[in-house]
Amino acid sequence: MATDSNNVEGYEHYYVPDQSPYPIMATIGLGALVFGLGTFFNELHADLAGSGRYVAMAGFAILVGTLFFWFRTAINENMQGLNSAQLKRSYVWGMGWFIFSEVMFFFAFFGALFYVRNMAGPWLGGEGEKGEFNYLLWDSFKFVWPILETPDQVVNGVKAAFVGPGEGHSMYPKDAHGGLFAWLPLWNTVILLTSSVTVHMAHNGLKDNSRAKFTGWLFVTVVLAIGFLCLQYMEYHEAYVDLGLTLESGIYGTTFFMLTGFHGFHVFLGMTMLLIMFLRALKGHFSHEDCFGFEAASWYWHFVDVVWVCLFFFVYIL
Amino acid sequence: MSDHGPAKGFGRWLFTTNHKDIGTMYLWFSFAMFLLGGVFALVIRSELFQPGLQLVEPEFFNQMTTMHGLVMVFGAVMPGFVGLANWLVPMMIGAPDMALPRMNNWSFWILPFAFTMLASTLLMDGGAPNFGWTFYAPLSTTYAPPSVTYFIFAVHIMGASSIMGSINIIATILNLRAPGMTMMKMPLFVWTWLITAYLLIAVMPILAGVVTMMLMDIHFGTSFFNAAGGGDPVLFQHVFWFFGHPEVYIMILPAFGVISAIIPTFARKPLFGYASMVYATSSIAFLSFIVWAHHMFTVGMPLAGELFFMYATMLIAVPTGVKVFNWVTTMFRGSMTFETPMLFAIAFVILFTIGGFSGLMLAIAPADFQYHDTYFVVAHFHYVLVPGSIFSLFAAVYYWLPKWCGNMYDERLGKAHFWLSFVGLNLTFFPMHFVGLAGMPRRIPDYALQFADFNQISSIGAFLFGFSQVFFLYIIIKTIRGGEKATDQVWDNPEGLEWTLPSPAPYHTFTTPPAIK
Chain H
724 MATDSNNVEG YEHYYVPDQS PYPIMATIGL GALVFGLGTF FNELHADLAG
774 SGRYVAMAGF AILVGTLFFW FRTAINENMQ GLNSAQLKRS YVWGMGWFIF
824 SEVMFFFAFF GALFYVRNMA GPWLGGEGEK GEFNYLLWDS FKFVWPILET
874 PDQVVNGVKA AFVGPGEGHS MYPKDAHGGL FAWLPLWNTV ILLTSSVTVH
924 MAHNGLKDNS RAKFTGWLFV TVVLAIGFLC LQYMEYHEAY VDLGLTLESG
974 IYGTTFFMLT GFHGFHVFLG MTMLLIMFLR ALKGHFSHED CFGFEAASWY
1024 WHFVDVVWVC LFFFVYIL
Chain A
2 MSDHGPAKGF GRWLFTTNHK DIGTMYLWFS FAMFLLGGVF ALVIRSELFQ
52 PGLQLVEPEF FNQMTTMHGL VMVFGAVMPG FVGLANWLVP MMIGAPDMAL
102 PRMNNWSFWI LPFAFTMLAS TLLMDGGAPN FGWTFYAPLS TTYAPPSVTY
152 FIFAVHIMGA SSIMGSINII ATILNLRAPG MTMMKMPLFV WTWLITAYLL
202 IAVMPILAGV VTMMLMDIHF GTSFFNAAGG GDPVLFQHVF WFFGHPEVYI
252 MILPAFGVIS AIIPTFARKP LFGYASMVYA TSSIAFLSFI VWAHHMFTVG
302 MPLAGELFFM YATMLIAVPT GVKVFNWVTT MFRGSMTFET PMLFAIAFVI
352 LFTIGGFSGL MLAIAPADFQ YHDTYFVVAH FHYVLVPGSI FSLFAAVYYW
402 LPKWCGNMYD ERLGKAHFWL SFVGLNLTFF PMHFVGLAGM PRRIPDYALQ
452 FADFNQISSI GAFLFGFSQV FFLYIIIKTI RGGEKATDQV WDNPEGLEWT
502 LPSPAPYHTF TTPPAIK
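Protein sequence lines, in the order shown, are assigned to chains H and A. Residue 724 is where the first sequence starts when you use the numbering used here, and the numbers rise one by one after that. Residue 2 is where the second sequence starts when you use the numbering used here, and the numbers rise one by one after that.
No lab work stands behind these hints: they were computed from the structure. Hints may contain errors.
[Said to hold, decoys possible] Restricting the straight-line Cα-Cα distance to at most 30 Å, the calculated cross-link-like pairs of lysine-lysine (DSBU-like) are:
1) A/518 / H/811
2) H/897 / H/930
3) A/9 / A/270
4) A/9 / A/518
5) A/270 / H/811
6) H/1006 / H/930
Please read these numbers as outputs of a predicted model, since none were measured by experiment.
Generate coordinates for the entire structure from the input sequences, incorporating the hints supplied.
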C-alpha cells in the first residue's frame, strides 16, 4: 500500500459509511411494490379480485419507511460533522445528475407529442407521400390538433373503441368557457412561477441569517405547491366529468394526461421535499454554509417549474 | 471510516458499502446471467440444428429469443461492466471508495430482484415475454402475454439500477480523483466509463418512458401506439431506438477502456494517441444520439430521414477507426507477449472490426432493405457483442483477477479457454453472415432446407462456445482458491495506480489519496 509519506498532506477524511441495512430493506420494499403493482394491474385487466394491491401497499410502506430512516441517518451524519467538503460535493453531483435523468424522462414524452403532432398525425390524415394510402385504413380522417374525433370514430362510428371528447372539448384557451380568467392553466402558471420566486426568497432569507424569512417563504412555497395541485385536480375533474376528455379518448387525451400527470406527480414529490425541508427548518436545521438538503429541494422545484413552462406552451397553447 | 476488514457471514454481502464487495457481486451476478442467457441461446441453437420443428414449440422459441436478448444485454453485459467499474474506478483514480457507497449497494441488490421477476415469467400462465428483446408494439402491447406487466416493471428496476449506478460513477470520477489526477491523466477505462455513465443517465429514462407508454396502452386505454386513437406503432420504435442506439455504445465503450489498458501492457509501449482516444469516445457518444432510425430504414420513413440517418451512422466509422488505428499502432513495433488477456484483446481488435464493417454495410439504407431482419443482422451484432463486450470482460477478468484475489490464473488453461472461445464464436456467428445474405430471416424456429448446413455449423460452434464458459468458471474458481501468488505489479510494468497496491488489494484502499506525479 502507498505509505503515508506518499500521501497528500492535510486531506480531510472521506467518510465511507459502515455496513447499512437500508439498501436491502429498500430493495425488499421496492420489490414488493412493483411486483404487487404488476399483479394488481393484471388482476384489474382480468377483472379479478386479488391480493396484488395489498402486496403493493406493504411494499410502499416498507420503501417509504426505509427511505425515511435512510435520509435521517444521512442528515444526522452531516449534523455530526462527518461529511467533508468533498463528500458534500458528491451529494451535489448526485442531485444534479438525478435531475438530468428526470429531464430525459420528460423528454421521451415531449418527443412523443412532437412526433404525433408533426409527423404521424399528418400522415394518418393523408398528408404527404406517407399519407397516400390513408383511404385504405382511415378513410376520410382529417388531421387537426387537438384530435377531438379519433380515426377510430371516423371509420367505425359508434363502434369505436377510442372515443374523442368532441368539438370544443379541449384544454386549449379557445375552448375555455368563462373566458381567459377562468382558464385554470393560466392560474397554475402564475402559481408555479410565483413559487419559484418564493423558494428563492427563502434561500435569500437563509443567506441573510433571517430564520423568519427563511421558514416563512418556505411555508408560502409549500402552500403554493398545494394550491397548484388543487387547481390541477379541479382541471382533471372538469376534463373527465364535463368535457369527456380522458386517458382513453385518443392521442390528445393520452398525451395531455400523461404529460400533465407526470408533471403533477413531480410537483407532488417536490412539494413533499419542500415540506420536509420546512419541518427541518422549524427544527433549526440549515445554515447559509450548510443547506444542501434545502438547495437540492429548491433545484428540484425549479426543474418542475421549467417543465411546466414547456407544458404550458406545448400542451396548452401551441 | 474504520479500516477493518470485511464483516463475517452473509450479512457482509447484504449490507456492504464496500466498492470491492459490490464489484464482486456485480461480476458474479453478471456471470450467472451470462450462463442463464447462454442456456437460452443453446435452446435456440438446438432447435435450429436442422430444419423443421424438433424440440420446442414456436411460441416457446420466441420466449427464448426474447429472454436470451434481455438477459444478455441487461443481465450479463451491463452489470459486468458496472462490476469492473466498481472494482477499478476507485483504485484507478486513488479514491477511498465510490462516492455514494450505500446507494451503490442499492443499485446492485435491486438487479437480482428484477431478474428473478423477469425469469419467473417463464413459469406464468401465457408464458414469458415473446416479442423479442426490442419488444416492438403492438406485439408487446395488443398481442402480449399477461407477463408483459412484470416485464415492464423489471425493466423499470433495471433502469433505476443503471441510473443510480451511473450517478455514483460520475460523482466518483468528477469528485474523488486524487489531487493531481487531472482529467487528461485518467486511465482510458475511467474516461470511457465517465462517458458511458453519461449515456446511461441520458437514455435509461427514455427506456422507462417507453415501457411506461406500453403499460398505459395495455392497462389504461391510452393510444400511444395505436393508430385508431391517433397514435402510431412506429412511435414505439422511435422512442425505443432513441434509447437503444446509445445503449449499444453503453455496452461497448467500457470495453474500449479495457482494451486500451491491456494492449499497452503487453506491447510494452504507452497507448498511442491517448487524447485522440478521449475525443473519439466523446464523438461516438455524441453521434449515438442522432443515428437511432438506422434500425428502422424499412419502416417507411421520408427520404430525408433515410439519408440523414444513413450518413450520420457512417460518420461513426471515423472515431471508431481512430480507435482501431490507435490500438494497432500501439502494438506496432512493440515488444509483444501473448498472455491470455492480450490474446483476448487482439481478438477483440480484429473481430470487433469485422462487426464494425458489417455495421457499415447495414448503415447503407438501400442495402439494408435486403439485410433487414435477416441473420446478417444477428451476425453483425453478435460480432460486436461477443468478441467485443464479452471478450473484453474475459480479458479484464484475466488481467485484473490476480490483483483482486492475489493468485495468478493458470496461463495454460487461460490460453485453452481463449482458443476454445475464439473457435467456438467464429463457428457460431461467421456462417450467419452467409445465411443472412442468402435471405434467412431472424427469430424463426424453422427455415428453408438450403440453410441447413450453415445452421448446423452454427449450432456446433454455439455448444463449443457455451461449454468453454463452464471451463472458464472452473479456471476462475481454481484461481481464487489458490495457485501461484501474484506480485504487486502482476504484469511487466503495467501503468496505473491499481498496480501500486498489494495483491490482493486490501479491503480498503487509498483511504487517503496517493500523490500523483
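Each hint, compared with the structure:
| no. | hint | verdict |
| --- | --- | --- |
| 1 | A/518 / H/811 | holds (27 Å) |
| 2 | H/897 / H/930 | violated (44 Å) |
| 3 | A/9 / A/270 | violated (43 Å) |
| 4 | A/9 / A/518 | violated (38 Å) |
| 5 | A/270 / H/811 | violated (40 Å) |
| 6 | H/1006 / H/930 | holds (18 Å) |
When each numbered hint is compared with the structure, violations occur for hints 2, 3, 4, 5.
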